[in-house]
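K.L.:
Sequence lines, in order, name chains W and G.
Positions 17 to 415 (the working numbering) are the ones given, in order, by the first sequence.
Positions 17 to 415 (the working numbering) are the ones given, in order, by the second sequence.
Hints are computed from structural coordinates only; laboratory data are not their basis.
Treat the hints with care, since some could be wrong.
All copies of an identical chain are treated as equivalent in the list; a pair is satisfied when it fits inside any one copy or across any two copies.
Calculated lysine to aspartate or glutamate pairs in the DMTMM-like style (CA-CA distance at most 25 Å, straight line) [to be verified]:
1. Lys312 x Glu406
2. Lys174 x Glu223
3. Lys174 x Glu376
4. Lys216 x Glu406
5. Lys151 x Glu67
2 protein chains.
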Amino acid sequence: MAETQKKITGASSAALFQIFRDGQARTKAELVELTGLARSTIQLRIDALIELGLLAPLTDAVSTGGRPSAQIALNPTARVVVAVDFGATKVSLAVTDLAGNILARTSSKMLIADGPETCLGWMVRTIRSELAGLKLKEADLIAIGIGLPGPVEHSTGKPSNPPIMPGWDAFNVPGFVNQHLKATVLVDNDVNIMALGEQKFAWPGVENMIFLKASTGIGSGIISSGVLQRGAEGIAGDIGHVQIARGSNVPCRCGNSGCLEAMAAGPALAEKLSLAGAQFKGKPIAALVDVIEATKAGELAAIQAVRQAGRDIGEVLTTCVSVLNPSVIAIGGSLALAGEHLLAGVREVVYSRSMPLATEHLTVAQSRAGVDAGIIGASVIAIDYALSIESIDLMTGAL
Amino acid sequence: MAETQKKITGASSAALFQIFRDGQARTKAELVELTGLARSTIQLRIDALIELGLLAPLTDAVSTGGRPSAQIALNPTARVVVAVDFGATKVSLAVTDLAGNILARTSSKMLIADGPETCLGWMVRTIRSELAGLKLKEADLIAIGIGLPGPVEHSTGKPSNPPIMPGWDAFNVPGFVNQHLKATVLVDNDVNIMALGEQKFAWPGVENMIFLKASTGIGSGIISSGVLQRGAEGIAGDIGHVQIARGSNVPCRCGNSGCLEAMAAGPALAEKLSLAGAQFKGKPIAALVDVIEATKAGELAAIQAVRQAGRDIGEVLTTCVSVLNPSVIAIGGSLALAGEHLLAGVREVVYSRSMPLATEHLTVAQSRAGVDAGIIGASVIAIDYALSIESIDLMTGAL
Numbered sequence: 017m018a019e020t021q022k023k024i025t026g027a028s029s030a031a032l033f034q035i036f037r038d039g040q041a042r043t044k045a046e047l048v049e050l051t052g053l054a055r056s057t058i059q060l061r062i063d064a065l066i067e068l069g070l071l072a073p074l075t076d077a078v079s080t081g082g083r084p085s086a087q088i089a090l091n092p093t094a095r096v097v098v099a100v101d102f103g104a105t106k107v108s109l110a111v112t113d114l115a116g117n118i119l120a121r122t123s124s125k126m127l128i129a130d131g132p133e134t135c136l137g138w139m140v141r142t143i144r145s146e147l148a149g150l151k152l153k154e155a156d157l158i159a160i161g162i163g164l165p166g167p168v169e170h171s172t173g174k175p176s177n178p179p180i181m182p183g184w185d186a187f188n189v190p191g192f193v194n195q196h197l198k199a200t201v202l203v204d205n206d207v208n209i210m211a212l213g214e215q216k217f218a219w220p221g222v223e224n225m226i227f228l229k230a231s232t233g234i235g236s237g238i239i240s241s242g243v244l245q246r247g248a249e250g251i252a253g254d255i256g257h258v259q260i261a262r263g264s265n266v267p268c269r270c271g272n273s274g275c276l277e278a279m280a281a282g283p284a285l286a287e288k289l290s291l292a293g294a295q296f297k298g299k300p301i302a303a304l305v306d307v308i309e310a311t312k313a314g315e316l317a318a319i320q321a322v323r324q325a326g327r328d329i330g331e332v333l334t335t336c337v338s339v340l341n342p343s344v345i346a347i348g349g350s351l352a353l354a355g356e357h358l359l360a361g362v363r364e365v366v367y368s369r370s371m372p373l374a375t376e377h378l379t380v381a382q383s384r385a386g387v388d389a390g391i392i393g394a395s396v397i398a399i400d401y402a403l404s405i406e407s408i409d410l411m412t413g414a415l
Numbered sequence: 017m018a019e020t021q022k023k024i025t026g027a028s029s030a031a032l033f034q035i036f037r038d039g040q041a042r043t044k045a046e047l048v049e050l051t052g053l054a055r056s057t058i059q060l061r062i063d064a065l066i067e068l069g070l071l072a073p074l075t076d077a078v079s080t081g082g083r084p085s086a087q088i089a090l091n092p093t094a095r096v097v098v099a100v101d102f103g104a105t106k107v108s109l110a111v112t113d114l115a116g117n118i119l120a121r122t123s124s125k126m127l128i129a130d131g132p133e134t135c136l137g138w139m140v141r142t143i144r145s146e147l148a149g150l151k152l153k154e155a156d157l158i159a160i161g162i163g164l165p166g167p168v169e170h171s172t173g174k175p176s177n178p179p180i181m182p183g184w185d186a187f188n189v190p191g192f193v194n195q196h197l198k199a200t201v202l203v204d205n206d207v208n209i210m211a212l213g214e215q216k217f218a219w220p221g222v223e224n225m226i227f228l229k230a231s232t233g234i235g236s237g238i239i240s241s242g243v244l245q246r247g248a249e250g251i252a253g254d255i256g257h258v259q260i261a262r263g264s265n266v267p268c269r270c271g272n273s274g275c276l277e278a279m280a281a282g283p284a285l286a287e288k289l290s291l292a293g294a295q296f297k298g299k300p301i302a303a304l305v306d307v308i309e310a311t312k313a314g315e316l317a318a319i320q321a322v323r324q325a326g327r328d329i330g331e332v333l334t335t336c337v338s339v340l341n342p343s344v345i346a347i348g349g350s351l352a353l354a355g356e357h358l359l360a361g362v363r364e365v366v367y368s369r370s371m372p373l374a375t376e377h378l379t380v381a382q383s384r385a386g387v388d389a390g391i392i393g394a395s396v397i398a399i400d401y402a403l404s405i406e407s408i409d410l411m412t413g414a415l
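Isolated chain W (complex conformation) (with noise of 0.2 Å):
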C-alpha cells in the first residue's frame, strides 16, 4: 500500500520518469514546480535516470534568460522491446525502440501446432540473433510482447483452452522464455494486440473503436474508454460463436450450431463454393486461398460469398454497436483484403440496422495497418510494460 502510493504520488525515480512518457523535454526547475519535490530530490533522481540512459539532457534547448538551460527529456533508444505476432501458419517478429520505431524485422513459416517448445524456442533463437546483428546485449531487451491465436490469461500469460493450438493449453509462456531470456514477458490473444496495433497505427486517440478479424477464424478486440477490454476471463471479442438469424441449422466445431464462424470465416466460404461447383481458373475453390483469389480476381459467386459474409458479421457488429458506442469499427484479416466485397456486406448491415444516434459519427473501414497490425500492437504492449512505473523500479532499484 505504501509502496503503491510512494510510486503514485511522485517521489520514486519511477514516478518521476511517467513525466516524461509524453515526449516532451523539461528543466529541472519545471519538475520541481510539477511534483513539489525538492530540487535536491529532483537531482538525484534525474541523474539516477540519465545513468540508465533513460532520460537525456538536450542540447539545443535555450532558456529565455540567454544561457542555455538544461532541459532533459525521453531517451527513446535507450533500450529496446520485441514484438512477436503469433499466427495459426506463420510468425513475425521485430525489434524496436522505445518510440516503437522497428530496428529489425522478420517472419517465417510456423506451425502454432507444433506446440509452445518449437514456436518460443525458434522465437528466442531468433530473437538473440536479431540482437546481436543490431549489436546490443540481452540486457538492452526490457520486455517482450507475443501475440497468440487463441484465449489467453492476460495475468498469467497462459493460453486457455486454445482450439486450434495443441499442447499449448495453460503452458506457462512466460516461465519457459524466462529460462533463456530474463526480458519481461507480457502476453494476449493476436485480435487484441492488431486491435491495439490498429488504433496506434491509424487511430491515435480514438477511444471507442472494435477491430474484427475475418480469416480463418472470426474474433475481435474490443478498445472502450480508451483501454483495451479483456473481460473477466481474457475473452472478450470472442465473438466468432455468436448464433445469426439466418444460420440455426448449421453445425459449428464449438457444438452449437449457427455459429457466425460457422457461416462467414473462410472454411465456410471455401465449403460452400465447393459443394456449389464453384471454379476459378478452371479448378475447383477448395480453401480461403482460393476464395480470397477468385474474389479478388472477380469470380462472382465468390463475391457474393464473401459479401453474404459481411453482412453475416455485420448482424454481430451491429449489436456491438448498441452495446458499445464504438467511433470505428476497423474490419481485418485475409477475408477484408479480398476488396471491399466484406466491408461493403458489413457496412450495409450495420447502417441499415442501427439507430441513427450510435452511426452518426461512426466510420466503418477497412483495417488500414492491414498485415502489420499484429506486430505494431504487440510492441505496444511491450513498451508500454517498459515504460511503466513497475519496469522502471525494476531498473532503478526503486530509488
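Mind docking chain G on chain W? Use the hints.
P.N.:
For chain G alone, coordinates are given in the frame of chain W:
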C-alpha cells in the same frame, strides 16, 4: 499541462487528499514518506484540508512510542451530495454524506414529459427543503447526481434525442440547476447510474458486469475493466433496438422492426396478452402493471409471456457475453421484479448459447439493489466528483 501534472504528482492539497479516499487514517510522518514532500508542505496542506473539514484528526490513535500520534482521516460528514433518480412517472431524491449514508430521502409522482423546468424546479425546491430539514446550508452541498430516462451527453449533461422526454432534447440541465444552486451537477442515463448503484450495493470489486433494466423499455449499463462504459456518443448499452431472431416482422417505434423492445418490453407483453384475450381477476390484461400482477399471481399466460421475454433478452445478452465477457449480469426493472420468470428465460438462453469458458464463472442474478439502484448510483457519481482532485481544488483554491 503543468497544472494537471502538479495535481497528479501530489504537490497540491487536492492530490494529497486523494490518498485519504480509501478511508484509512495516516500520520504526517507517513504522508512525508508516501509523497516525498517536505514536512512543512504537508503541514500546510493538511491544515487547509482540516480547516475545510474534509480531513479530521483521530483522537483514539496511539503510536508505538507511547505518546498519542496525530492520525488524520477523511471526514465523510464534512459535506453532502444529492442523488436524484428521474423515471418516466416518478422521481426519488436523497441527501447523502460523502460515504453514501442516506441522511434524508423523498419521492414523488412526476411525469418526465412535463418538461425540464417543471421537473428540475421541483428538484431545486426539494433539495432546499431537505437541506433545511437537516439544518444544512447550500454551501454544504458539493454535487448533485441526476439520472434521466434517456440518452445523455455525459460531458455536457444534456439529454440527446430522448424518446420519452419531450422538451428535454439538448436542454442544459447543469446550466438550469446552477441558476438556483451552486453545486456541481452530473447527469447520466438512468440505466448507467443503476449499473453503478447495483455494483456499489451488491458487487463491490466486480470489474466486468452488465446491468439490464426491463420495464417500459429495455436498456443496459455496462461496467468493463471497472469503468462505466458510455461509448463515443454516450449511448453504450442502449440495446433495446437490437433485432432478435424470432421477431423480424414486428414494427418498432424506432422505425425498424423486430427490435428487442418491440418484442419483450412491458407494453409489448401487455399488447400480446391483451390481443390473446388474457384476463386477470376478470379484467383484461392491458398494461405493464397488469402483466406484473398477473405474473406474480401465477397466471399462466402472463408467466409464459414474461419467460419468453427473458429468452428474447437472453438472446441479446448472449452476444454481450461473447463481446464483453462479464462475470455478473444483474437483471432489474419492474419486469424482473415479477418473480424469477424473466431471469429463468435469460438464464436458459445465455447458458445454452454461450461458450463454456464465458459462463464458467458467470453469475446471472436478479438485481439486489432493486428500486434503490438508481438513487445509489446517482450518489456514487456525485460522491466520486465531490472527492475528486477537481472538486477539492475548487475548495482549497488549488493550494
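K.L.:
All the hints need checking, so say for each whether the structure fits it.
P.N.:
Structure-based check of all given hints:
Taking CA atoms no more than 25 Å apart as the test, Lys312 paired with Glu406 passes in neither setting, with 48 Å inside one copy and 55 Å between copies. Within a single copy, Lys174 and Glu223 get their C-alpha atoms only as close as 28 Å, which misses the 25 Å cut-off; across copies the closest is 21 Å, which meets it. Taking the closest pair of Cα atoms, Lys174 and Glu376 come within 25 Å of each other only across two copies (17 Å); inside a single copy the shortest separation is 40 Å, beyond that limit. With identical chains, the CA atoms of Lys216 and Glu406 are at most 25 Å apart within one copy only, with a shortest distance of 23 Å there and 30 Å across copies.
Taking CA atoms no more than 25 Å apart as the test, Lys151 paired with Glu67 passes inside one copy only; the shortest distance there is 20 Å, against 60 Å between copies.
Hint violations for this structure: number 1 only, all remaining hints satisfied.
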